[in-house]
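Peer 1: This is what each chain is made of:
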Amino acid sequence: MNVIEVKQLTKDYGNKKGVFDVDLTVKKGEVFGFLGPNGAGKTTTIRHLMGFIHPDKGQCFINGMDCSKQQEIIQQKLGYLPGEIAFMEDMTGIKFIKFIAEMKGIKDFSRAQELIDMFSLDPNGKIKRMSKGMKQKIGIVCAFMNDSDVIILDEPTSGLDPLMQNKFLELVLAEKEKGKTIFMSSHIFDEIERTCDRTAIIKEGHIVAVENLKTLSQSKRKSYVITFATEDMAASFAKEGYEIKETHGNQITVTHKGNVKPLIHTLDKYEVTALDVKTQSLEELFMHYYGGEDHV
Amino acid sequence: MFSMPLLKREMKASNKLLIIFIYILTIYILSMVFLYDPQKSSIMDDMAKSMPGVMKAFGMVAGTGSLVGFIASYLYGFIILMFPIVFIIILANKLVAGYVDRGSMAYLLATPNKRVKLALTQALCLWVNIVMLTAYATIALIICSALLHPGLLNIGKAIMLNLILMVLHLAVSGICFFASCISNDTKRSFTIGAGVPIIFYLIQAVANMGGKLADLKYFTLYSLFSPNDIIAGKSQIAQVLVLAVVAVVFYALGIFIFSKKDVPV
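Protein sequence lines, in the order shown, are assigned to chains A and B. Position one of the first sequence corresponds to residue 0 (numbering that gives the first Met the number 0), numbered consecutively onward. Position one of the second sequence corresponds to residue 0 (numbering that gives the first Met the number 0), numbered consecutively onward.
I should point out that these hints are in silico values taken from the structure, not numbers from a laboratory. Every residue gets a Cβ at the ideal spot worked out from N, C-alpha and C, and that includes glycine. Treat the hints with caution; some may be incorrect.
Interface residues of chain A toward chain B, partial, derived using beta-carbon atoms under 8 Å [unchecked claim]:
1) Ile52
2) Glu71
3) Gln74
Sample of chain A residues lacking proximity to chain B, with all beta carbon distances greater than 10 Å (derived) [unchecked claim]:
4) Phe19
5) Asp89
6) Gly104
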């Protein structure tokens, strides 16, 4: 079953800005990544999903309901973290969280308290005086506290320190275990690779690829950068029949897929001074789409 | 219809602003009532006679001699007319455009409430504040008069004066709220929401000069509020009706546009 469906979504802001014919589907229980640099159309797509803005053409649905018409029904079971942090600055953190809980009709505050503890957030100060990371934590608490089925996150880890980023990714994985559907925009490859089942890459408003991260990791070709003691050794290794990508003096880069044991056996015959592994990652894939022709 | 948590929060947030304006009104009401002298013409009357042009522009003409007439002319000609409008401009701008501009509207829209309901709640907050400010001004006027000139104030007429002024304020707030609803930033909201009431006032000031210019009164809402006519007991039904229609139309239109428009948060 598709929880989120985006069909032919088009919103033209002129000057090549906006989104054009975006088609996406997110299945129930899936964590879906949405990758692209700033200005590619991530937030515009999310604003449509939230019903904040209305499409020029096309439609979006969440749980079968039209995002621009039944927004208030969709919101009953939705958690949202905006990309820009903006609260009611005159309130304290805890008052704001309680206010949003009331607005959402949440009676049970225990989940919110759990999240506050998880992120070791001290919500008692005035929001005005809080750091970016603290504010981001408040936003995260608000997005996850109503135990919603669908969670939409716009660049969720911005402003968080590495420790909290980790905690956040753990939270996403735990929510995924519970069967939640999560849609997450990001420009950080690592967090997408660690949490998402599938990811879409958006470029200048167009979806250029939707990748399944499992198949991506299975088909991963790894590169090994091997440094030999001498150039002669490197030269004789080059004749072993491995796929050589690059030779650089006594350093050879080999691409290899699957079991590495034969490679290790071969290397055993030589004196190897250093061995580095490079994984073909989402990042490379991304660069492949983005490093293209019109990037001058 | 309305969201209680939102109303509670907004009432609390507008508290400070309301108190500031209550202070300002208190000072003016107290000093104007103090300046009234039932025996002879007061300083204000002397001023009105010595420079009728300037005073007329401010809606101040030498009164009828009664306390309520004095108040109607010198207090309701400018101070109690315009200060609450400044309050309305600030608050109306904050209630919708302020949130959209800062981006915090995203949090309100991301709750299971219709946009119409959210906007109606913000409008209600504005109405409650206007009613409270009017009620305060009326009570302050009655108390100050009772203390300084016991028995001299025609309370019925004083209340009527305030009631009709409140309807005018509601109509003006409709324009300010409309401006707030259709704007995505406070700059635009202020340009319309503060610009129109100020232009109304300038037109009114010119129209007050009389002669040919008096026809300009058809281009300002403020001419529908005539303190001296109210004191004289003239029927104000037509004026109140026009003001009520303006209020309803602008609030309805503003809320409707807000419920349909793209909110870039």
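Peer 1: So, for every hint listed, does it hold in this structure?
Peer 2: The hints, checked one at a time:
A hinted interface residue such as Ile52/A counts as satisfied when its beta carbon comes closer than 8 Å to some beta carbon of chain B; here the least separation is about 4 Å, so the hint holds. Interface restraint check: Glu71/A against chain B, minimum CB-CB distance 5 Å, threshold 8 Å, status holds. A hinted interface residue such as Gln74/A counts as satisfied when its beta carbon comes closer than 8 Å to some beta carbon of chain B; here the least separation is about 4 Å, so the hint holds. The beta carbon of Phe19/A sits about 17 Å from the closest Cβ of chain B, which is more than 10 Å, so the claim that it is off the interface holds.
A beta-carbon of chain B comes within 10 Å of the beta-carbon of Asp89/A; the shortest separation is about 6 Å. With 10 Å as the threshold on Cβ separation, the claim that Gly104/A sits away from chain B is violated: the shortest Cβ distance comes to roughly 7 Å.
Of the numbered hints stated above, those contradicted by the structure are hints 5, 6, listed in ascending order.
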